[in-house]
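Visitor: Each chain, written out:
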Amino acid sequence: MIKITDLEKYYRTEEVETIALNKLSIEVKEGEFVAVMGPSGCGKSTLLNILGLLDDPDGGSFVFNGIEVAGFNERKRADLRKKNIGFVFQSFNLIDELTVFENVELPLIYNNVKAADRKKRVEEVLDNLKIMHRRNHYPQQLSGGQQQRVAVARAVVNNPKLILADEPTGNLDSSNGNEVMQLLTELNEKGTTIVMVTHSEHDARYSHRIIRMLDGHSVTENILI
Amino acid sequence: MFLHYLKVAFRNIRKQKMYAAINVGGFAIGIAACLLIALFIQHETSYDSANPNRHHIFRLVGEAKQNGQVHSGIAFPAPMSKAILNDFPEVEKAGRIMSNSLFGAANNQVRRPDQQNNTYEQGFAFADTSTLEILDIKMIYGSRTEALKQPFSVILNKSMADKYFPNQNPVGQRLIFNDNPRLPIIVGGVMEDFPTNSHLQYRGFISLAGVSFWDNEQSQWTASNYDIYLQLKPNTNIASFEKKMTDDVVDKYMVPAMVAGGQKNAKESFKDTRIYLQPLSDIHLYSYNIEQDDTRHGDIRFVYLFAAIAAFILLLACINFLNLSTARSANRAKEVGVRKVMGGSRNNLINQFLSESLLYSFLSFLTGTAIAVLALPLFNKVSGLYLSMPWKEWWLIPALIGGALVIGLLAGIYPAFYLSYFKPINTLKGNLSLGSKNGRLRSSLVVFQFSISVVLLIGTAVIYKQMQYILNSKIGFDKDQVLMIEGADALKEQTTSFKNEVLNLPVVKNVSVSDFLPVNDTKRNGNTFWEEGKQQDDGFALQHWVVDENYIPTLGMKLIAGRNFSKDFHTDSSTAVVNKALADKLGIKDPIGKIITNGGEHLRIIGVVDNFYFESMKQQVTPLCMVLGNSNSIVSIKIKGADMKTALATIEAKWKAFLPNQPMRYTFLDERYAAMYIDVQRMQYIFTGFSILAVVVACLGLFALAAFMAEQRTKEIGIRKVLGASVAGVFTLLTKNFLKLVGLSLIISIPVGWWLMNQWLQDFSYRISLNWKIFAFASLLMMTIALFTICFQAIKAAIANPVKSLRTE
Ligand SMILES: Nc1ncnc2c1ncn2[C@@H]1O[C@H](COP(=O)(O)OP(=O)(O)O)[C@@H](O)[C@H]1O
Ligand SMILES: [Mg+2]
Numbered sequence: 000m001i002k003i004t005d006l007e008k009y010y011r012t013e014e015v016e017t018i019a020l021n022k023l024s025i026e027v028k029e030g031e032f033v034a035v036m037g038p039s040g041c042g043k044s045t046l047l048n049i050l051g052l053l054d055d056p057d058g059g060s061f062v063f064n065g066i067e068v069a070g071f072n073e074r075k076r077a078d079l080r081k082k083n084i085g086f087v088f089q090s091f092n093l094i095d096e097l098t099v100f101e102n103v104e105l106p107l108i109y110n111n112v113k114a115a116d117r118k119k120r121v122e123e124v125l126d127n128l129k130i131m132h133r134r135n136h137y138p139q140q141l142s143g144g145q146q147q148r149v150a151v152a153r154a155v156v157n158n159p160k161l162i163l164a165d166e167p168t169g170n171l172d173s174s175n176g177n178e179v180m181q182l183l184t185e186l187n188e189k190g191t192t193i194v195m196v197t198h199s200e201h202d203a204r205y206s207h208r209i210i211r212m213l214d215g216h217s218v219t220e221n222i223l224i
Numbered sequence: 009m010f011l012h013y014l015k016v017a018f019r020n021i022r023k024q025k026m027y028a029a030i031n032v033g034g035f036a037i038g039i040a041a042c043l044l045i046a047l048f049i050q051h052e053t054s055y056d057s058a059n060p061n062r063h064h065i066f067r068l069v070g071e072a073k074q075n076g077q078v079h080s081g082i083a084f085p086a087p088m089s090k091a092i093l094n095d096f097p098e099v100e101k102a103g104r105i106m107s108n109s110l111f112g113a114a115n116n117q118v119r120r121p122d123q124q125n126n127t128y129e130q131g132f133a134f135a136d137t138s139t140l141e142i143l144d145i146k147m148i149y150g151s152r153t154e155a156l157k158q159p160f161s162v163i164l165n166k167s168m169a170d171k172y173f174p175n176q177n178p179v180g181q182r183l184i185f186n187d188n189p190r191l192p193i194i195v196g197g198v199m200e201d202f203p204t205n206s207h208l209q210y211r212g213f214i215s216l217a218g219v220s221f222w223d224n225e226q227s228q229w230t231a232s233n234y235d236i237y238l239q240l241k242p243n244t245n246i247a248s249f250e251k252k253m254t255d256d257v258v259d260k261y262m263v264p265a266m267v268a269g270g271q272k273n274a275k276e277s278f279k280d281t282r283i284y285l286q287p288l289s290d291i292h293l294y295s296y297n298i299e300q301d302d303t304r305h306g307d308i309r310f311v312y313l314f315a316a317i318a319a320f321i322l323l324l325a326c327i328n329f330l331n332l333s334t335a336r337s338a339n340r341a342k343e344v345g346v347r348k349v350m351g352g353s354r355n356n357l358i359n360q361f362l363s364e365s366l367l368y369s370f371l372s373f374l375t376g377t378a379i380a381v382l383a384l385p386l387f388n389k390v391s392g393l394y395l396s397m398p399w400k401e402w403w404l405i406p407a408l409i410g411g412a413l414v415i416g417l418l419a420g421i422y423p424a425f426y427l428s429y430f431k432p433i434n435t436l437k438g439n440l441s442l443g444s445k446n447g448r449l450r451s452s453l454v455v456f457q458f459s460i461s462v463v464l465l466i467g468t469a470v471i472y473k474q475m476q477y478i479l480n481s482k483i484g485f486d487k488d489q490v491l492m493i494e495g496a497d498a499l500k501e502q503t504t505s506f507k508n509e510v511l512n513l514p515v516v517k518n519v520s521v522s523d524f525l526p527v528n529d530t531k532r533n534g535n536t537f538w539e540e541g542k543q544q545d546d547g548f549a550l551q552h553w554v555v556d557e558n559y560i561p562t563l564g565m566k567l568i569a570g571r572n573f574s575k576d577f578h579t580d581s582s583t584a585v586v587n588k589a590l591a592d593k594l595g596i597k598d599p600i601g602k603i604i605t606n607g608g609e610h611l612r613i614i615g616v617v618d619n620f621y622f623e624s625m626k627q628q629v630t631p632l633c634m635v636l637g638n639s640n641s642i643v644s645i646k647i648k649g650a651d652m653k654t655a656l657a658t659i660e661a662k663w664k665a666f667l668p669n670q671p672m673r674y675t676f677l678d679e680r681y682a683a684m685y686i687d688v689q690r691m692q693y694i695f696t697g698f699s700i701l702a703v704v705v706a707c708l709g710l711f712a713l714a715a716f717m718a719e720q721r722t723k724e725i726g727i728r729k730v731l732g733a734s735v736a737g738v739f740t741l742l743t744k745n746f747l748k749l750v751g752l753s754l755i756i757s758i759p760v761g762w763w764l765m766n767q768w769l770q771d772f773s774y775r776i777s778l779n780w781k782i783f784a785f786a787s788l789l790m791m792t793i794a795l796f797t798i799c800f801q802a803i804k805a806a807i808a809n810p811v812k813s814l815r816t817e
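Which chain is which? The protein sequence lines are A and B, in order. Residue numbering for the first sequence follows my numbering, beginning at 0 and increasing consecutively. Residue numbering for the second sequence follows my numbering, beginning at 9 and increasing consecutively.
Honestly, the hints are just simulated from the structure, not real lab data. All residues carry an ideal CB built from backbone N, CA and C; glycine is no exception. Warning: the hint list may mix true and false statements.
What the hints assert, rightly or not - Partial list, computed: chain B residues near chain A (C-beta under 8 Å):
| id | residue |
| --- | --- |
| 1 | H12 |
| 2 | L14 |
| 3 | K23 |
| 4 | K517 |
Just chain B, with the same shape it has in the complex (with noise of 0.2 Å):
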């Protein structure tokens, strides 16, 4: 019996194959999505789940409320883990993390001591012997327990190991971290590179033995640079040692080390403050709103958008299965008259209707599959992943068969419900306009594919302005034309005679000296500042930027007020040049001449420019002040005219002649801020792929639909023209219907996809407003495409010739 349903099923595909080719081709297009967002997903959500302990690893994270605003961190006093591991029993084991580049952690440049040359690594951090263990590293060559014994000592991963010490142990060798052969660093070590789904991925682990970055650094509980790792013993309850473990840190540590500072209501300041556990395995998705949280993470709210968006794509093929099942019963009433009279039960004919669907289901899982793994490489460039198709794993084989065995099931109970449901007498005498019986509800099947597809139109519409917006609004600095020369400390005492040969280029426009940068990975620097003549407790913070004189200039700053640094004033050392923030923040009109101070250092105010993005456009602009000083490991080149080719070429020369042993590592300034936004511009990316996505998937079933009903119609059409209707009288009839389901789809998805992109832009600072323009367009857009998928139809049915069509009744 099966045999002949698939039979059937076969002639059935191979008689109608527009009919199947757009079932199976917008099936595996929605199938196709799923798997990538299916891999996605199950990429995302493996993070950290090979660790054995895993149940038991938490990762610190401290909660503080400011001005009603919740603020997360990761970044704990130096003496914190070891604290909390001597007074809770609960706790096995406690290891820090220290990433801190300021320190010397993440870049470092690394030669092998017979090298010349220095070779720039990053994703270096310090660490504690019980960080390696609680995180279960796996060492290759050396031992976990002894590898970061030794002060100075690292643990290279495998990759770093190969590159510097091809096939050998490298225990015991030694490496030259950024020119100092004074201090050579000695291999412990050699640990597995971490894998893809690690939340850290750090490439090698330097000792934090006998480590002090300053002065009794290791015991000071006022200065936060360490994420800590704690695995506790199994069955402890998580809440209460929250709790309890906050009032020791707070009570015992903190606020004594406070008030020994000088701060008066120190115990007041900790009101709103918690630490709590971040489980191991959530640390990767649930991360999101941790701020200076540097391991690359993921973001739960991503992971149920895209699994929404995917499942909405292939909702939207199973509505046209379904739709095109129903538009076509006409069609197959015969048939299922004839075999009930034959003898077939109606549940004979839902088998064979679900075998039907079933072997759609199949077919379009094969091509889906096609589709997908053809797709990966392209998906992957998009999303910045490293999916592969699981092909090893036992699961896939079943799985792919269970969804086929899902999809088919959903799809087709309806059509093989309906469909077997005619009456054998109804059916015989032929001539039955079944097809429009069930209009309606197909009518909103229509309508519910095109809302979703002009919403995520919107969407896209959104996330590309906003990126526009990003990349062109005035940012308040020049990025364009400016070549950032990084690990420009290696100059050292030549600096400036490097920045003054530069600036004669004829190529170059204006050079300054400084770490510090508005984009990302670039030096901070927070401090709390206050007017002077007021209180402490009146201070704010204050991003404290150590610049040269070219600064301003080169970063196409604008001065609002004041003047810029200069040469020609010899007390310009303790003066600054502030943002309008911190003139809004001060509330003075002219704060020229206004003299603002941290207790130690008295900035008198010269200038003020106007407010520039240093953070991302998510954050507003903070108040800044920028003073003179030596801040010296990167450059930044203003270049003159277009030719950056040859402008890279001829400070590359002059690069080589002061550093012939150390290449030249540059980045542009304007490729940097952008960036900034890969998120923005991924999810850019991901939203137009997906609504693309569903608009073919939705026009296919319109092509479709179009298509037999134009079918259906031809004997009405063409006695309309017998009797005198236009071309374009015929054109409006068959278009007519479709276009108002197209615009009431409008009208549901507009207030839908306004509010969503609201909620989204929310994210931002600084952002566009929606304006009519923008859902204007997506109608538009909707709209347009539709017209083109049933005008054809529409216009063939239109110019064909009457009598042709009325003799074939």
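Isolated chain A (complex conformation) (with noise of 0.2 Å):
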């Protein structure tokens, strides 16, 4: 599903140039669950958000479903994005003005879907993930675990192929992590692809497959089955 090859990103401010992905070139097949690991500064979010079509690569190759990527413009990028890929981060971001419902629904109006359709879609997933009766709260109203449970509800509400998540556990107490961990694998049994950035070897666990980076690089794998 994900094939990218030698790629390259530069960030420039006035006095330096960080190379924060150096020809790294990684794959991802349809159904997998990955982790990527390594030190902070490594470039970790920079490939989530390039797998994400958050941001574009600046050399390289970046195939995904077999369509070539890079270098498409960001009205592109955003269609793409918006009917393939669901995101968690570790601050959640969910929006303070929306009920959990409606933050839920925000990717579903989006997507142009109908407001008979969308209630039905969100109701089923607050339901799937056990958040329904707090269907009217407001984010803050939430705890942080609560929090990541709706933000992983709207990044599947969409039914995307791809889920990239962003240290997901990173601002949660462990039984709260091992829950959205938990989450997470559900998902991805029932046929999501995942891409995980994470800290931790324990949550790194529960995956097919770790990438660990280093400067940019990929350094190592280990395939856990």
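Since each chain sits alone in its own frame, please combine them into the complex, following the hints.
Guide: And the structure:
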């Protein structure tokens, strides 16, 4: 599903140029659950942003579902993104002004799903993730674990083929973290491809394969199953 | 989707109440100002628009150059309208209006024959039947063509007819004018009241049939007292008609008449004369430089000025919206990022932010309309108008909605593009200080807002100063404590005994009988005089006032040479006391004993008074002479002491003893004097009002901006305080930049304000000089207000406990 070859990404500020990704090549198959690990600043988030079509690489190739997407413009990337990819962030990134229901509904709105269908689908997802009773609460009224659950719900509501999670448990205690990992595993079992960045070896063990990075490079891969 | 946007916008408003209140409040103020001004403009431009023939109707205006200055007037000789009608086939109708109060127009004492008491009625004019047709006068009773056919017939307007002849058709009834029962006036018809947006506001038209104010008056070309209205055939070429008509009137009539009167270079004196056609719909707004046009009219320059000011206030509100939106961008950045990650396109986000600004705009229009409705009575009072909200007009609601759309888009477009531009990868990491990014734009806009406010403040201060100058400067006479009794000609031969009895009252200091007074709407009499022994061609315009020997002391004028008239000198009948302007004009150091003449009258100068303003301060004091004589419709009484109430009662009792059937009609000289400057006064009020609004709107923005800046720098301030910064230090840190901006706006606005107000002052011949104090005052005021506005936020931030602010991060 994902094949990147010699991917490069630089950040230029006035004084310095940082090489965030340095000729990185990896592949992720459909249905895989991959964990990305590495020290802070090694380029994990940068990689995830490019995989998520939020950012454009400066060199190399990125084939997504058989299409070369490196060099796509913002509009094309956005279009591909909203149909195929769901995101889960470390800091949840829920919109404070929207209720749980409305946050989860958001991707469907932008995909022009009809109101009745939206309601059905959101309720289904909230039910699945056992947060239906919180549907009318605002994010500030929820615990961290609950917020991340809503974020996961929002990521999957659109039935994406790929879920990208950047340290999804980073802001959670271990029991809440385990619950989220459980959710991701269940999603993966239902066929969703998952790429997850994590600092935790414990969390990484939920995945099939661990990619270890250093200075924008992939150094080793551990295959767990 | 749109509902989703609205929902989010509403929640944002609820969450950020202060921000929302400032946006809506500022907008609402701007919109209210615009609405009121729009009503004003709509009214001002609607004048005389009901006349179906308005495109072919014109008023004649004469233009002549004197000493290089252009003078315009609308009074023409009596036979002129008929002459033009006869000479030019283009002229369909020609009609005259004569409103000169010297000849019984304007004001009359009126009663029904069966009534005892007279009522003073204003607003009469003599008119031709053709004038009624040109002006499309609508009759309620009687016929337009017949009503003024009879000599001494009158058309009353509805309200006056209802007053004297309630619930009946008064055609054929009689009225007594000015206690002259031998000459009853016959009601020929009743017309509708003129609408408020007509340039004419007469309440009655008196027939010109058979009228001749003196021998051969109707055929005399050398006296100008008639306003002329023409209705031309469609498709007349106006420019060439004006030229033809001017040549015809001058060459065929005026010049021969003057030559016959003994003038030598008559032709030469008309060299720069031009008669032009003023379209009916232009009369109201484009007559400001026509002299002696007693129709109440507006001024297109004010229309533009007020429109500009209202637009500026609205612009200031838009700037607030823009500044606050971009300043708060950090708060919205995360939302933008999340929405984009969730599939929102830039267009989706632009639409969302525009919906939000539209929501603000609509809320503001609701509030603003409410404010306008509430403020309308006050606005009417200040502007002297009778405006009302046009609720019944079909276009009102669409216009308001359209306005809300335009303002919403205008204010929202930049923030929408700016906010929607954020890249999710930048914003989702948080901790991006996006707010400071377009600080320069925001600063420029703040400077712009305050520059406008300061210019308005300067304008207000200068107008106020000039008005104070007008009211308090040495005007050459003492306007205080002087009662003017008008309509005193009804005393007839009892005038002198009334005067003497009043003079004997203990509350009275002095009494003078004269119709000539140094305030508007009293008598004037211009003549050409020259020094005896010189040529008529050396003559100059001279006001020739008939007064009595008490005049100068009653009005507190100052004799600077010679003496006042005296009963002891029998020769005083052919002497004159003149003003200093005349002495200057003659160019003689000691004019006492010199003789001036107009050919018939020879006047020996016995005294000189210091100049006193008898026209508006907008004009130079011109030469004037006073002679002894009988001019008995106004009695001026100087009161002793401060008890005006008792004085008034005693004098009124005396009046009643003389004239039981005519109520005493009086005004006060100082009030009449102030009324001459009612336009300046109005300008002052309106400017004050608008500059307060502008300052309020600008400060609302500043307040919110200061709040957000303080909020954004909470952490920085916390760290500084932990490191030992003092409260004063933090306060300075937070206020310094804002005060710099206000200071910059002062530097910009002071020259602009100076230039503008200097222009305005040029209208006055007698004016204040612009000194640094006015600008210092405006600057200081602005600085103080600005400091107060931001200091609340700054103090709050400065005294906050740093531990708290650091923990929240
Ligand atoms: N927007 C940016 N501008 C400049 N440098 C950046 C930016 N984002 C990331 N970097 C740099 O790129 C490198 C990789 O960053 P990132 O992918 O966030 O690392 P990780 O997520 O592995 O901690 C780091 O050195 C970081 O400083
Ligand atoms: Mg990272």
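Visitor: Each of the hints needs a verdict: does it hold here or not?
Guide: Hint-by-hint comparison with the structure:
no.: 1; hint: H12; verdict: holds (6 Å)
no.: 2; hint: L14; verdict: violated (12 Å)
no.: 3; hint: K23; verdict: holds (7 Å)
no.: 4; hint: K517; verdict: violated (77 Å)
Hint violations for this structure: numbers 2 and 4, all remaining hints satisfied.
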